[in-house]
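K.L.:
Next come the chains, spelled out residue by residue.
Number of protein chains: 2
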Amino acid sequence: MKLYDYKLAPNPRRVRVFLAEKGVTLPSVQIDLRAGEQFTPEFRAINPECTVPVLEFDDGKRIGEVVAICTYFEATHPSPPLMGVGAEDQAIVAAWQHRMERQGMWVAADAFRNSAPGLKGRALPGPEDYAQIPALAERGRARLGKLFELLDGELANREFVAGDRYTIADITALVTVDFAARFGVTIPNASAHLQRWHQVVSARPSAAA
Amino acid sequence: MKLYDYKLAPNPRRVRVFLAEKGVTLPSVQIDLRAGEQFTPEFRAINPECTVPVLEFDDGKRIGEVVAICTYFEATHPSPPLMGVGAEDQAIVAAWQHRMERQGMWVAADAFRNSAPGLKGRALPGPEDYAQIPALAERGRARLGKLFELLDGELANREFVAGDRYTIADITALVTVDFAARFGVTIPNASAHLQRWHQVVSARPSAAA
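Each protein sequence line maps, in turn, to chains A and B. Numbering-wise, the numbering used here comes out as the position in the first sequence, counting from 1, plus 21. Numbering-wise, the numbering used here comes out as the position in the second sequence, counting from 1, plus 21.
Please note that the accuracy of each hint is not assured.
One copy or two, either will do: identical chains are not told apart, so a pair holds if it fits within one copy or between any two.
[Said to hold, decoys possible] Keeping only pairs whose Cα atoms sit at most 30 Å apart, straight-line, the calculated DSBU-like set for lysine-lysine is:
no., residue 1, residue 2
1, Lys82, Lys28
2, Lys141, Lys43
3, Lys141, Lys82
4, Lys82, Lys167
5, Lys23, Lys82
6, Lys28, Lys43
7, Lys82, Lys43
8, Lys167, Lys141
9, Lys43, Lys23
10, Lys28, Lys141
These aren't lab readings, by the way, just hints derived from the structure by calculation.
For reference, chain A alone in the conformation it holds in the complex (with noise of 0.2 Å):
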């Protein structure tokens, strides 16, 4: 089994995040996406999407796509749970995951590739090509920092993002805010849950992955 991974790219952080918290370790291949390296024909033969990270089993099978890998881990590998213990939790963490991915990594996708200019023509990841619009930049950043107050409100109460657990929902939400911070989007000054999370959750050693 390996993992094709890319070290600087938010989306296979998450999974290496993940990794390290259960104390699994893999082979990893890096696919260097700047020097685009996922649009050689040898890449496109693993995974026609052109993305990273993909889970490769030994019979050669391949996932690509994060909550996926995790949720073979998570099966194989059950301590420490990292997506719910018991169907109600289960069901919460998901919904967290979920939200942080939809109000979190994908918006930051938005704004981030809507406006480097490296990305021009090259709005999505994947093998189409497609124009950048700046208008949904804009929405991204703005999107974002509503989504920073949310999650303050929401760990005002509680000390994880799905609970009193270290979760699934903290590694995409983990990885949202450092990938929005590359680009100038940052927790507020006043938005001290959400700083006080954000320092928890990096002194962890997982997130160095």
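Fit chain B to the supplied structure of chain A, relying on the hints for placement.
P.N.:
Frame of chain A; chain B shown alone:
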């Protein structure tokens, strides 16, 4: 336990089809999105996100993401399995379900909400108003065309979206296809495999849910 629902909206339909496949019936409350009932103070107290579906437990806890609600019922009503059997299959189903959202449901929502005259200033669901972005509607329609091509190719080799068994990925794909048809983006006649699949999944009793 009850479900806040709206018969005409695509996201709650995903939950209804899932429950119908499981043979689960729940009391439901219709929130008339066309009449703006999601913005009443009463409903904002139930879900500040102003969206349906919402699953409400008897103790008052609430979950408001489709995949999270389905996660709950998969755990409590495992038969028939709709989210995979065993770690590897669960991951494959999660990958396809997720992809059907990212490349399907959310893209159809881009296409619809950024162009529908009745949704001016409401390009996103939720409590905030965002202006429509016409370029995003146009991109959404183009991407749905690409999705139909992709699915037609995939379904040449297997019966259902995630393999040889009907799963949540088929539900997300079915609801996406039917939603897109409402604004004129339909499966091309040449996409025989996708047409075949659509007939099969539409003929299941759950499709009427």
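K.L.:
Confirm or reject each hint.
P.N.:
Right, here's what the structure says about each hint:
no.	hint	in the structure
1	Lys82 <-> Lys28	within (23 Å within a copy, 39 Å between copies)
2	Lys141 <-> Lys43	neither (38 Å within a copy, 46 Å between copies)
3	Lys141 <-> Lys82	neither (33 Å within a copy, 44 Å between copies)
4	Lys82 <-> Lys167	between (39 Å within a copy, 23 Å between copies)
5	Lys23 <-> Lys82	within (11 Å within a copy, 39 Å between copies)
6	Lys28 <-> Lys43	within (19 Å within a copy, 41 Å between copies)
7	Lys82 <-> Lys43	both (22 Å within a copy, 29 Å between copies)
8	Lys167 <-> Lys141	both (26 Å within a copy, 21 Å between copies)
9	Lys43 <-> Lys23	within (16 Å within a copy, 35 Å between copies)
10	Lys28 <-> Lys141	within (22 Å within a copy, 41 Å between copies)
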